[in-house]
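There are 2 protein chains.
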Amino acid sequence: MYGTIRIERNPSCKTKPGQEENLGFGRHFTDHMFIMDYEEGQGWHDPRIIPYGPLSHDPAAMVFHYGQAVFEGLKAFRTDKEDIVLFRPDQNAKRLNRSCERLSMPALDEEFVVHAIQSLVRLDAEWVPRKEGSSLYIRPFVMATEAGLGVRASSRYSFIIIMSPVGAYYEEGLQPVNILVEGHFARAVQGGTGNAKVAGNYAASLNAQAVAKENNCAQVLWLDAIEKKYLEEVGSMNVFFKINGEVVTPSLSGSILEGITRKSIIHLLNEWGIPVKEQKIAIDDIVAAYENGTLEEAFGTGTAAVVSPIGSLLWQGKSMVINQGNIGELVQRLYDTITDIQFGRTSDTHNWLVSC
Amino acid sequence: MYGTIRIERNPSCKTKPGQEENLGFGRHFTDHMFIMDYEEGQGWHDPRIIPYGPLSHDPAAMVFHYGQAVFEGLKAFRTDKEDIVLFRPDQNAKRLNRSCERLSMPALDEEFVVHAIQSLVRLDAEWVPRKEGSSLYIRPFVMATEAGLGVRASSRYSFIIIMSPVGAYYEEGLQPVNILVEGHFARAVQGGTGNAKVAGNYAASLNAQAVAKENNCAQVLWLDAIEKKYLEEVGSMNVFFKINGEVVTPSLSGSILEGITRKSIIHLLNEWGIPVKEQKIAIDDIVAAYENGTLEEAFGTGTAAVVSPIGSLLWQGKSMVINQGNIGELVQRLYDTITDIQFGRTSDTHNWLVSC
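Residue numbers (my numbering), protein chains in the order written: chain A, 1 to 356; chain B, 1 to 356.
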């Protein structure tokens, strides 16, 4: 598919950040990147790995004007045995195609996408950090590159993969966060782009994020745009609640991103015999559970943090403290289980890992 | 403000398209472009006009990943007296700032924006075409340029202006178009970005546009995302209806773009003593007016076409032909009046024109 990946090695590799350096998120980039181009009539062609460096585009390139851009995010982990593994990359490739479809962009062969990621990670393997909890964040993205101002689907695209070594999301173990329930701004609506990983969704969320920070909250919990009543996502994560021994998470309504961590967590809960339901959840249901003492745990899920315990929810000026602001038993168990799989500390019975 | 604009002339100017060439829209670009950069702490700085050419950005530049990009569109016209004029550029500068605010991007001095446009047009004045109905399309845009993958507002931006000579939108006079009323996809919702000129809005609209084409329609008429009942915009234009001698247009609900042509048309109608109302308009109201024979005219409005008569509306598989598919008297009068002002064929009593 698309031919062999041509490799042009970087003659002047960068100095890697030191083991003790605070890597942050998406600040350092590896020595190489993957690129493949698309042109109408020709299809995807010329897959290549080249030195990481600037992209040159006409100022009329459509990505700058009409936002035809989608992305994915996943991680490569270094196990104790020095293997390098990816966590469910096939799922990212699938979702990338769903996002492309939503923005009238051409599909990619999913197996090839995984192959391209593997090839790039293999070449820059020394960039996968060794420090406890750290990993190599992988960012595949597709964007419109045709130069032209007519509002229509571009006839040219680039599929690019860049990678960034990232530190442990939690330097000192899980940390509960405060979350603002957002009643003003809307993230997405049925028929919109909320269930695709589309660049514009993220720009649209920045104002609400700023309001959250002003309220000493780490993220917002989005309500549905129509009734401002039903829960959608928290920041850029999916959200789960444990109420009276049962776990609930918003069902995929068409405006919620289908998280890969979300899917994995539902799988684990089913395996463990813990009741889990995907359903419409009203903010009023959460308030009621809080008030009658059955709201036991709440957490966000996503690639960056795996799970993020919610210590409190701020809604209409009132703070609901969950589990006395402590880390719940379930969220800890989920975190340990998934990270143990990712770092090869337990056996991968689900075949979620793919070697590089 | 921001200092003097530095000018670096293009040593190798392009051959301009011939007078008889079909210019199309946004396919040819002039010899120069304007750029100014923003950096947190430093603000907007280094305004310059340089040869039109590729932009170089880190592959992690935020515009590629999180869609922080907004734009404007306006035109320069060559009058019969060889003056070159802009149509209400102050309004574009204002709206650019509103769009920036929605995406957490830094504001620009509005007078400076107009000054930058004037300076660039003056330098590339020979690119303003002379052929009847043609003009120079001007595209100011702002985008996030910081290299980083954390989801937050960028700390760096570029404000850029590029220009493209464009042909008459109607080569042979106004042409009524068929419009599909879109009941599935959503353009925008209250609390979203629909009232800002945000790149991502346009990518999100491409799928619906493709469905319109399949139905032999030029554009879609968007309904509100919540009830799928109230009219919003048509394609990337505002929409007006003349019903029983009165003109109605959807009120600015928070999800509709505040068009400058829309505003100018409302102004003219008021001046002419033609009743015009901004209000919620249900698609059922339009169907009722169609059925009782009071739906007299319908048209879209925007910078590209000025006005675009709607010959028929396709809704739930049924085509409603408006004014027997002919150009209405009012739409023709509006078109003539505005284009006469723009090309200096009538006196600019509203002070809408700004010289370059």
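The hints are simulated quantities; they were obtained by calculation from the structure and are not laboratory data. Model, not experiment: these values are computed from the prediction. Certain hints may be false.
So the derived label-pair ranges between C-beta atoms look like this [stated by the list, open to error]:
id, chain 1, residue 1, chain 2, residue 2, range
1, A, E40, B, E40, 37 to 47 Å
2, B, E246, A, G293, 55 to 65 Å
3, B, N215, A, E21, 27 to 37 Å
Just so it is clear, CB atoms sit at the ideal spot from N, CA and C, and this is done for glycine as well.
Now for the hints, and whether the structure bears them out:
1. A:E40 <-> B:E40: 37 to 47 Å: 39 Å, holds
2. B:E246 <-> A:G293: 55 to 65 Å: Distance hint for B:E246, A:G293 holds at roughly 59 Å.
3. B:N215 <-> A:E21: 27 to 37 Å: 57 Å, violated
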